[in-house]
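*Asks:* Sequence:
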Amino acid sequence: MTRRLLLSYLGLAILVLAGLELPLGWIYARAEISRASQSVERDASMLAEVTEENIEKGDLDALPDVVGDYATRTGGRVVVTDRRGVVLADSDPSGRTGVSIAAEPDIARALRNQPTVATGNEALSATMPGSSGTTIRGSLRLTYPMTGVNARVHRIWGALAVAGACILAAVAIAAFTLARWITRPLRTLEAATSQLAEGRLTNPPDTTTGPPELRSLAASFTHTATRLQQLLRAQQAFASEASHQLKTPLTALRLRLENFEPYLDPRAHGSLDEAIGEVERLGRMVQGLLALARLENSATTPEPVDLDAVIADRVAMWEPLAAEQYVAFAVTGRTAGRVWAIPGALEQVIDNLVANALRVSTPGTTITLHRAPGVALHVIDQGPGMTEADRARAFDRFWRASDSHHDGTGLGLPIVRHLVQASGGDITLHRAPGTGLDAAVRLRPAADDPSQDSSGRPRFRPASVTAP
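Residues 1 to 468 in the numbering used here are what the sequence shown spells out, letter by letter.
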C-alpha cells in the first residue's frame, strides 16, 4: 500500500509539473524566437538603408567592408544585390559576387518592395529592399544562425527539467514519509490479525500513530480481539469442564439403570437395555460435541504429512476388527506422497470414514481405499449406499438417515469435514459403482503447493475453523 500511495502522489506531482513546465517552456521558446526574429529584421532594415545609400552614391567598394564588419560582430551572413538581383557583396568568403540570384523567392519579393522574414530550424532570414520611396536600388538578405537561440531554449528546458526533478525528489521524500505514516497502523493491524488467526494476540496494533480514523480502527480491533479471546477462553474452559461434569452423571445413571435389572420383571429387561443403550449413545454424543467444540476453538497450521504412511497405519489398525466381521480391506491407486494437513487430522478422518464403512458393510464385502491423481483419497464400501438427498444432508450435525438402525450420533461426518477443511481440502460423497458409498477426500499436495514458502511451510495460516 505504501508503494501505491507513493506512486499516486508522484503521478499527481508529475501531472502538475507537466501542466506548468511544458507551457512555460513552450512560451519561453516562442518568445526567444520572436525576439531573435525582431532583432534580425531590425538589423536587416538598418543595413538595407546603409547599403542603399552606398549604391545610390555609387560607392560599391564600401559594401564588402559594411557587410564584413557586421558579420564579424554578430556571426550573421549578409548578401547585397543590385536592382537586377546581381550580388554586389557577400560576407561569406565562399560566396560569389556578380552572380544573379533574382530567381530566389525572397530576393524576388524584395526587388518588388516586399520585405520577407523567415524562421527555420537552422537559421533566421530577413530580406529587405534597398529603396528610397518607390525606387528600388537593390536588396539585402540577412541570415542569422539559430545556434544561439536554440542554446538558450535548451538551457531553459534543462533548467525546467532540473527544477522538476528537484521538486519530484522533494515530493517523493514527503510522499514516502506521509505514506509510511498512513500505513504504519495498517501494518501493525495486519500483523495483529495474523497473530489473532493463530489463536493469540501478543502484539496489539499501534493506536498512537497514523490518521485518526486508523487509530480509531486499531483501537476498535484491539477491543474486539480482546473480547473475542475472552469468549474463546471461556468457551474452551466450558468445553473442558463440561467433559468432566457430564461424564460423572451419565456414568452414575448407567450404573443405576444396571442396578435395577435384578429387581425388574423379565419383561422389562428389553426396555432397560434400550434405556442403557440411549445413555451410552448420549455419552458418545457428548464426547462428539466436546471434540467438535475443541476443533472449532483451535487454529492449527497445516503441515506436510505422508498420506501413504497414514493409510498403511490405519488399515493395519482396522484389519483385525474388520476380519471379525468377515470384511476385507484393499488399498489401490498410485502413491500419493505428502499432503498438507493439520496434525492428527488424517488419522481421525480415515478412522471415521472406515468406521462408517465398516458399520454398513456386510460379511464378504471389501472396503477400498483408493488413491487418485490430484491427491484424492476415496473410501469406498459395498453397503446399501445413500440416496442423493441423504448425501446432501450427511454433513449436517446430528443427522442420521431415516432407514438407519445403528446407534451413531450424527457427528462423525461433520467432524471429518471440519478436519478436511481446516487442512485446506474438501470432502464429497458420491454413489459408488454398483452399491455402496464413495467418500472422496481431496487434499493439497505439499510438493506442488504454490502457497508454500521457501522453507516448505504454507504462506497462509487459517484465521479460524468454521463450524461444519
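Don't read these hints as lab results, they were simulated from the structure.
Cβ atoms here follow ideal geometry from the backbone N, Cα and C, with glycine treated the same way.
Incorrect hints may appear among the rest.
Said to hold, decoys possible - Ranges between beta-carbon positions, derived for each pair:
# : residue 1 : residue 2 : range
1 : 226       : 251       : 49 to 55 angstroms
2 : 226       : 173       : 47 to 53 angstroms
3 : 200       : 173       : 34 to 40 angstroms
4 : 399       : 258       : 16 to 22 angstroms
5 : 69        : 19        : 44 to 50 angstroms
*Asks:* So, for every hint listed, does it hold in this structure?
*Replies:* Hints and how they fare:
1. Against the hinted window of 49 to 55 angstroms, the Cβ-Cβ separation of residue 226 and residue 251 comes to about 38 angstroms, which falls outside the hint.
2. Separated by about 38 angstroms at the C-beta atoms, residue 226 and residue 173 break the suggested range of 47 to 53 angstroms.
3. Checked against the given bound of 34 to 40 angstroms, the beta carbons of residue 200 and residue 173, roughly 38 angstroms apart, stay inside it.
4. Checked against the hint of 16 to 22 angstroms, the C-beta distance between residue 399 and residue 258 comes to roughly 30 angstroms, which is inconsistent with it.
5. Between residue 69 and residue 19 the C-beta distance comes to about 47 angstroms, which sits within the given range of 44 to 50 angstroms.
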